[in-house]
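*Asks:* Protein chains in written order, with this note's numbering: chain A, 1 to 235; chain B, 1 to 397.
There could be a bad hint or two in this list.
[Unchecked claim] The calculated lysine to aspartate or glutamate pairs, modelled on DMTMM-like cross-linking and capped at a C-alpha distance of 25 Å, are:
1. A/K196 <-> A/D136
2. B/K165 <-> B/E309
3. B/K104 <-> B/D149
4. A/K186 <-> A/D220
5. B/K306 <-> A/D235
6. B/K7 <-> A/D136
7. B/K229 <-> B/D242
8. B/K7 <-> A/E120
9. A/K142 <-> A/D177
10. B/K388 <-> A/D136
11. B/K7 <-> A/D73
12. B/K7 <-> A/E121
13. B/K7 <-> A/E150
14. A/K77 <-> B/E262
15. A/K213 <-> A/E225
16. B/K104 <-> B/E136
17. B/K7 <-> A/E128
18. B/K388 <-> A/E121
19. B/K306 <-> A/E150
20. B/K104 <-> B/E198
21. B/K388 <-> A/D80
22. A/K88 <-> B/E309
23. A/K196 <-> A/E145
24. A/K124 <-> B/E309
25. A/K88 <-> A/E145
26. B/K306 <-> A/D87
27. B/K229 <-> B/E309
28. A/K127 <-> B/D149
29. A/K117 <-> B/E262
30. B/K7 <-> B/D42
31. A/K142 <-> B/E157
32. B/K388 <-> A/E225
[Said to hold, decoys possible] Selected chain B positions facing chain A (Cβ under 7 Å, derived; list incomplete):
33. I2
34. V6
35. K7
36. D116
37. Q117
38. E309
39. V312
40. I316
Think of the hints as simulated: they come from the structure by calculation, not from any bench. Glycine included, each C-beta is placed from N, C-alpha and C at the ideal position.
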Amino acid sequence: MEAIRMENLVKTYGSGSTAVHALKNVSLYVNPGEVVGLLGPSGSGKTTLLQCLGAVIDPTSGRIALNGETVFDNGWKINDLRALRRDKIGFVFQAAYLIPFLSVLDNVALLPMLAGKSNEEARKRAKELLAVLEVDHRSHAKPAELSGGEQQRVAIARAMANQPPFILADEPTAPLDSERSLIVIKLLTRLAQEFKTAIMVVTHDDIIIPRFKRLYRLRDGVAHEEQGQNLPFPD
Amino acid sequence: MINLAVKEISHSWVRYVLTAVGLGLLIGVTLTMTGLVRGMLDDAIALIRGTHADLWVVQEGTMGPYAESSTLYDDVYRNITGLPGVAQASNVAYLTVQVRHANKDVRAQVAGFEHDQPGEPPYLIAGRPVAKSRYEAIADIKTGFRLGDKISIRRTELTVVGLTKGMVSSGGDPVVFVTMQDMQDIQFQKDNTTIYNERNRLSANPKLNRPGSPGLLQAVTEAQQSNQKVNAVLVRVTPGYDPAVVAETIKRWKHFEVYSYEQMRQILQVRVIANALRQLGMFMVILAIVSTAIIALIIYNMTMGKIREIAVLKLIGANNSTIVAMILQQAWGLGIIGFVVGKATATLISPLFPKRVELLPFDAFISFLIVIAICSLASLIAIRAALKVQPASAIGG
Ligand SMILES: Nc1ncnc2c1ncn2[C@@H]1O[C@H](COP(=O)(O)OP(=O)(O)OP(=O)(O)O)[C@@H](O)[C@H]1O
Ligand SMILES: [Mg+2]
């Protein structure tokens, strides 16, 4: 069974003469443990697609199923969607968007806490993740004291914190140099294999694109599946 | 769950604390003004409370003797003493004058009283009660007089033998107690020329100065000279009698106005100082509005400064209640720090006021509740903005 399945998805912003048809008819899938790339020119609807998948905005029509369960369109309320985001979906953005007044550790631990875990349990989990992402030596620093790459790794740790079955990453390597970009993608790929996480990565990055095994290209509101080069990561 | 409000404040506390302290000064001013109002209310009734009287008998149709002038003949009390239910009745007189001591004038309210009767000075903090019927006075410490000081009121010279505390008129002037005999002198003593002239006028009147009745002129002269007035008669009711019934009897038979302690208190507190209170009240309302605006502005600024983080929090699944709690707690924090600073400020500055400032724990408690209510109210705009922000706005681009 696919982890993510999207069928005939339509998203139109606004209505009438000012309507923007961002997604016209998108169908795609992602398997568990798979990292899939999402490409397309600026304004082609990549972010819109991720937001629909992540239950951040409502699609206009179509169907989305996560692990076989239809999450759109079955009349879910805002609270159900919030819980879905908290428990099932990890987000990584172009910028890390860490909470500046929380330590690195608490930024990651916040998610398990919001999900009802005790502080000790949440911090223990956050420590483990930071160690996996090799930023645990900066646990007690504030985000502003970290480099861009370190911040992005913390953001990935946060996205992983509730062990979500899905991670949606919107240009996660945009602020990073090519070397660090590769490290981040390598990390996501490792996490996907290790935890059977389904990961979708939006990117423009020429260093990264050849690493995908499978990818989708958005053009005129429709997603076209392509085979990637599946280049190995350098050590 | 970690406390996001506390985490944020401790991350950048300087501006927050400075704001809270500024707010605290405003609260301090408000608390001091509340204390001033309390002081005024309390001062207004200090004199009537000190009298230990049950009823005030005053001139018919007046609200005297404190709120307006009232005049009674000095023998009225004799008629009242005979009525059923009246245990004691005594004359009192009040006069606001300059009291002179060592070439310095002090504005004071001189109160005439009778020994062992209602209207007598209450508890003394120093010295002794008046022992002679003449030329001794009890002064409130607010006059600045000390035991043994020689003071003069108009043409009467007196010695201060005792001191009271907190005895002031409804206008806030300290009270100097003198015996009724001294009081009559102070109020009505005529200088020698006037006495001489009046005597001549009487003896020149053939109707009064008749050869056949030698005592007549003498009697008329004495009557005229003792034709003296007081301001009120204080009545203490015999235990077991209802003051209201006794008051009704006096009113009906003697045609005076009679007020109970409660009525007198209302006249003083409601009518006499109502205007002053209204002005202070107005000022406090303005201060409350200003404080609300300041807190609202600060909280709104703080919230808009982290609106992106709030969007991220929403995106990663934080409840609205988590976000509302963060904003409210920060607003309450301002209120709590502000209140502590304000209370300290009020306590420090209140002794510097010429009028008494009375800071009651009850008022502080009510003020605290109002501060918290104002903080909550002031957060509403920020909370609205925070709840309106879309989680999608965190993932622009
Ligand atoms: N909230 C919105 N309201 C109206 N139109 C929108 C909104 N968000 C996006 N759009 C429009 O939808 C289209 C797709 O936008 P989207 O942000 O998904 O593109 P993108 O592929 O992520 O572009 P980029 O590579 O520049 O990030 C664009 O034409 C954009 O102007
Ligand atoms: Mg985009």
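*Asks:* Compare the structure with each hint and give your call.
*Replies:* Status of the hints after comparison with the structure:
{"no.": "1", "hint": "A/K196 <-> A/D136", "in the structure": "23 Å, holds"}
{"no.": "2", "hint": "B/K165 <-> B/E309", "in the structure": "60 Å, violated"}
{"no.": "3", "hint": "B/K104 <-> B/D149", "in the structure": "12 Å, holds"}
{"no.": "4", "hint": "A/K186 <-> A/D220", "in the structure": "30 Å, violated"}
{"no.": "5", "hint": "B/K306 <-> A/D235", "in the structure": "39 Å, violated"}
{"no.": "6", "hint": "B/K7 <-> A/D136", "in the structure": "21 Å, holds"}
{"no.": "7", "hint": "B/K229 <-> B/D242", "in the structure": "29 Å, violated"}
{"no.": "8", "hint": "B/K7 <-> A/E120", "in the structure": "17 Å, holds"}
{"no.": "9", "hint": "A/K142 <-> A/D177", "in the structure": "22 Å, holds"}
{"no.": "10", "hint": "B/K388 <-> A/D136", "in the structure": "35 Å, violated"}
{"no.": "11", "hint": "B/K7 <-> A/D73", "in the structure": "39 Å, violated"}
{"no.": "12", "hint": "B/K7 <-> A/E121", "in the structure": "19 Å, holds"}
{"no.": "13", "hint": "B/K7 <-> A/E150", "in the structure": "22 Å, holds"}
{"no.": "14", "hint": "A/K77 <-> B/E262", "in the structure": "62 Å, violated"}
{"no.": "15", "hint": "A/K213 <-> A/E225", "in the structure": "11 Å, holds"}
{"no.": "16", "hint": "B/K104 <-> B/E136", "in the structure": "19 Å, holds"}
{"no.": "17", "hint": "B/K7 <-> A/E128", "in the structure": "23 Å, holds"}
{"no.": "18", "hint": "B/K388 <-> A/E121", "in the structure": "32 Å, violated"}
{"no.": "19", "hint": "B/K306 <-> A/E150", "in the structure": "22 Å, holds"}
{"no.": "20", "hint": "B/K104 <-> B/E198", "in the structure": "34 Å, violated"}
{"no.": "21", "hint": "B/K388 <-> A/D80", "in the structure": "18 Å, holds"}
{"no.": "22", "hint": "A/K88 <-> B/E309", "in the structure": "20 Å, holds"}
{"no.": "23", "hint": "A/K196 <-> A/E145", "in the structure": "32 Å, violated"}
{"no.": "24", "hint": "A/K124 <-> B/E309", "in the structure": "24 Å, holds"}
{"no.": "25", "hint": "A/K88 <-> A/E145", "in the structure": "30 Å, violated"}
{"no.": "26", "hint": "B/K306 <-> A/D87", "in the structure": "24 Å, holds"}
{"no.": "27", "hint": "B/K229 <-> B/E309", "in the structure": "80 Å, violated"}
{"no.": "28", "hint": "A/K127 <-> B/D149", "in the structure": "81 Å, violated"}
{"no.": "29", "hint": "A/K117 <-> B/E262", "in the structure": "62 Å, violated"}
{"no.": "30", "hint": "B/K7 <-> B/D42", "in the structure": "46 Å, violated"}
{"no.": "31", "hint": "A/K142 <-> B/E157", "in the structure": "80 Å, violated"}
{"no.": "32", "hint": "B/K388 <-> A/E225", "in the structure": "37 Å, violated"}
{"no.": "33", "hint": "I2", "in the structure": "6 Å, holds"}
{"no.": "34", "hint": "V6", "in the structure": "10 Å, violated"}
{"no.": "35", "hint": "K7", "in the structure": "5 Å, holds"}
{"no.": "36", "hint": "D116", "in the structure": "73 Å, violated"}
{"no.": "37", "hint": "Q117", "in the structure": "72 Å, violated"}
{"no.": "38", "hint": "E309", "in the structure": "5 Å, holds"}
{"no.": "39", "hint": "V312", "in the structure": "5 Å, holds"}
{"no.": "40", "hint": "I316", "in the structure": "6 Å, holds"}
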